[in-house]
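J.: What follows is the residue order along each chain.
There are 2 protein chains.
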Amino acid sequence: MGGSMVVELISVGTEILLGNIVNTNAAYLAEQCAGLGLSCYYQDVVGDNEERLCAVIRTALSRADILLISGGLGPTQDDLTKEAAAKVLERSLYLHEESRAALQAYFEKRGLEITDNNWKQAMVPEGCIVLDNPNGTAPGIIMEKDGKHIILMPGPPNEMIPMFETSVVPYLNGLQSGVIFSQTVKICGVGESKAESMVKDLIDSQSNPTIATYAKTGEVHLRVTARAENEKEAKKLVKPVVKDLKGRFGSSVYTTEDDVTLETAVVDLLRANHLSLVTAESCTGGALAARIVNVAGVSDVFKAGYVTYSNKSKRRLLGIKKSMLLKHGAVSKEVAREMAKGAAVFSKADVTVSVTGIAGPDGGTEEKPVGLVYIGCSVCGKVTIKECRFSGSRAKIRENTVSAALALLRECILQYCSEVTFGSKEK
Amino acid sequence: MGGSMVVELISVGTEILLGNIVNTNAAYLAEQCAGLGLSCYYQDVVGDNEERLCAVIRTALSRADILLISGGLGPTQDDLTKEAAAKVLERSLYLHEESRAALQAYFEKRGLEITDNNWKQAMVPEGCIVLDNPNGTAPGIIMEKDGKHIILMPGPPNEMIPMFETSVVPYLNGLQSGVIFSQTVKICGVGESKAESMVKDLIDSQSNPTIATYAKTGEVHLRVTARAENEKEAKKLVKPVVKDLKGRFGSSVYTTEDDVTLETAVVDLLRANHLSLVTAESCTGGALAARIVNVAGVSDVFKAGYVTYSNKSKRRLLGIKKSMLLKHGAVSKEVAREMAKGAAVFSKADVTVSVTGIAGPDGGTEEKPVGLVYIGCSVCGKVTIKECRFSGSRAKIRENTVSAALALLRECILQYCSEVTFGSKEK
Chain F
1 MGGSMVVELI SVGTEILLGN IVNTNAAYLA EQCAGLGLSC YYQDVVGDNE
51 ERLCAVIRTA LSRADILLIS GGLGPTQDDL TKEAAAKVLE RSLYLHEESR
101 AALQAYFEKR GLEITDNNWK QAMVPEGCIV LDNPNGTAPG IIMEKDGKHI
151 ILMPGPPNEM IPMFETSVVP YLNGLQSGVI FSQTVKICGV GESKAESMVK
201 DLIDSQSNPT IATYAKTGEV HLRVTARAEN EKEAKKLVKP VVKDLKGRFG
251 SSVYTTEDDV TLETAVVDLL RANHLSLVTA ESCTGGALAA RIVNVAGVSD
301 VFKAGYVTYS NKSKRRLLGI KKSMLLKHGA VSKEVAREMA KGAAVFSKAD
351 VTVSVTGIAG PDGGTEEKPV GLVYIGCSVC GKVTIKECRF SGSRAKIREN
401 TVSAALALLR ECILQYCSEV TFGSKEK
Chain W
1 MGGSMVVELI SVGTEILLGN IVNTNAAYLA EQCAGLGLSC YYQDVVGDNE
51 ERLCAVIRTA LSRADILLIS GGLGPTQDDL TKEAAAKVLE RSLYLHEESR
101 AALQAYFEKR GLEITDNNWK QAMVPEGCIV LDNPNGTAPG IIMEKDGKHI
151 ILMPGPPNEM IPMFETSVVP YLNGLQSGVI FSQTVKICGV GESKAESMVK
201 DLIDSQSNPT IATYAKTGEV HLRVTARAEN EKEAKKLVKP VVKDLKGRFG
251 SSVYTTEDDV TLETAVVDLL RANHLSLVTA ESCTGGALAA RIVNVAGVSD
301 VFKAGYVTYS NKSKRRLLGI KKSMLLKHGA VSKEVAREMA KGAAVFSKAD
351 VTVSVTGIAG PDGGTEEKPV GLVYIGCSVC GKVTIKECRF SGSRAKIREN
401 TVSAALALLR ECILQYCSEV TFGSKEK
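So the protein lines, in turn, are chains F and W. Heads up, the first sequence is in my numbering, so the first residue is 1 and it goes up one at a time. Heads up, the second sequence is in my numbering, so the first residue is 1 and it goes up one at a time.
Here chain F stands alone, though its shape is the one from the complex:
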């Protein structure tokens, strides 16, 4: 199969150098390239300056096989990426008729007047491959010289990502001997270091497929990547490893599909079991409900959410007794339990989830420190409480709480379903 090809990522834009925007393009492309089996040793950011652009491209060509460059393809005088890349490869630009027509159609469809500077975007280097950009005006460009590949993509993520997936991935796959196939095993409710120790032997012993671990908030993703002569062979290599991982992590694996998130998995599970959901949140203040509403079309499953940040609202909206709040404090397993039960009583939802905790930075005590969170989950009357201790900033604690609540929801629904199934078999 040979060693893997080396890619270098170059992000172009003065707005990145000024810290005006976060370079999410580089993170996206880095993860994608790893999944395609490409090695990446350097990422660069450079402004909209032809001299410095040329210097960065020359340096990158000296140490990588493939340059993935995003940004600086637009219509303004500041957009110089294409000009710089063409200069380095000693190509001249010509008017690409199809791009000109596409540009015209783009503006006409939107009823916009096309200003003269836009035509610049239809100029492309000689001997290049032109990539369609259905979401914007600047086409992508691929140039090849002496076995090196320069790939230019627009900067806006909503243009770059579809172009990368549609046009660049097939091109990159074509460059490599054989085919890359990867599948991600997504796990919730298991800590990063525990997950890593559970797969260390596999990571150390495997070279094809490889296994890479990615820690997300409250989740760990294990990506299994194989290279083979064709897709069928590559899948055959990936399959037993995915099976092994599923065996090791059991029900903590919530999906092996790329486009399924933890909230999607929870919503799918609720829908499949005809269960309705209601949330009751204190410290997360609505962030758990908002995460569930990330799933489009969730209104058949998600009935409502209560944000009861103050004690008064816990009493009014969820019927928590004042004496209970006084006796145990708002952050207690007892109040988490009553919140989940109260939400179920008031909303008549099948499943409710409650959250109460100390997100900080103030409000912690020795007995109840910042980061202490109780999560309650009621499924058809059976309530489970989980105590969590998170660290970090207020924002970090709240993010972790949301993920932990989704993981607990999933666990409790699975538990309920297995009991129901078991119960029905008993009859």
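Do not rely on the hints blindly, as some may be mistaken.
Given that identical chains are not distinguished, each listed pair holds provided it fits within a single copy or across any two copies.
Stated by the list, open to error - DSSO-like mimics (lysine-lysine), calculated; alpha carbons at most 30 angstroms apart, straight line: (1) Lys109 - Lys87; (2) Lys109 - Lys216; (3) Lys382 - Lys145; (4) Lys200 - Lys120; (5) Lys333 - Lys109.
Honestly, the hints are just simulated from the structure, not real lab data. Keep in mind the model is a prediction, meaning the values are calculated, not measured.
Since the structure of chain F is already known, use the hints to place chain W on it.
T.: Showing chain W alone in chain F's frame:
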């Protein structure tokens, strides 16, 4: 004053090259450096590899005066940044007694056992400045040679940012002739291009202070930066420009304080006027409430939030009539109005804000396209409705909606307060 010094940002970590994490450190440092009047032409990312680290440091030294390097200072064998930087500057490492003691105290305070690999972090290059790290185990390091400055900071943002603010900013200010002072005028409810056109004459005509515009979701920040011999002089240069900007944008300016966010400004305004708040959200699904709960200690002002994503919950929790939902549709100015009114009736809050819209990707029609959002705001019985049309992804539309709701809240409260004040004067 002379030309500005040139800084280059180097982020170290294989996890960035793999796309495991987004490089937010670079964005933070880039914005800070711009505010300090430093020029930045390149950012680099390199993995935990000594040879490549040395190469990147050498290249950066050839084109910048100051290298800000984050990451790779930890206790593991992979952490090689300090070793590489010392190698390039031909310095040997020695055990820094104060860092050793600080390391020991750090572990003892937390009741943790210190493993041998940790002591590596107390080794520092000869002739360097050592920077305290109260939030972690690896100290920061500043080295100087031939007028070039290499500054090493730990990678975790919660360690890097405090170290940068406390130790690195004063050092950087000391390097430059004179002093830099900057102040940010934060604006909401005005679009980016409109804001830019309103200050273009100022930006073009000013060189000290400079004015830079930063587009945030639903906000524009204008940063005014002056350089002068001392802080008093620099402030004197900034003051009239900030005054001019405040005049141009009037009540759209919500703060000129760095640590005040839009949600903080809204909460402060509510608190100052003894007004309580309740939210009622459909398409944002709790994200507006969650943003308000970003403000620690908000429970005196924020009473509760209703997340009424389904039509049924709009009826049950907010008392919206079925006939109204049928006649106007859930996404309508009428329903936004009834949601704000219903929330006020049920919660008895002084101020309520409601949101209903089509976040997509499905559910749009020609008459009511994806991105159409109605926001309602009721202040002591007076209801204002705003229609917005956003574009972009489901996530983007929801983010923009939250910001627009905060901006409308602020506008309506200000309006109410001015009427009350005016009214009382009339008497």
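J.: Please flag the earlier hints that this structure goes against, numbers listed from lowest up.
T.: 1, 3
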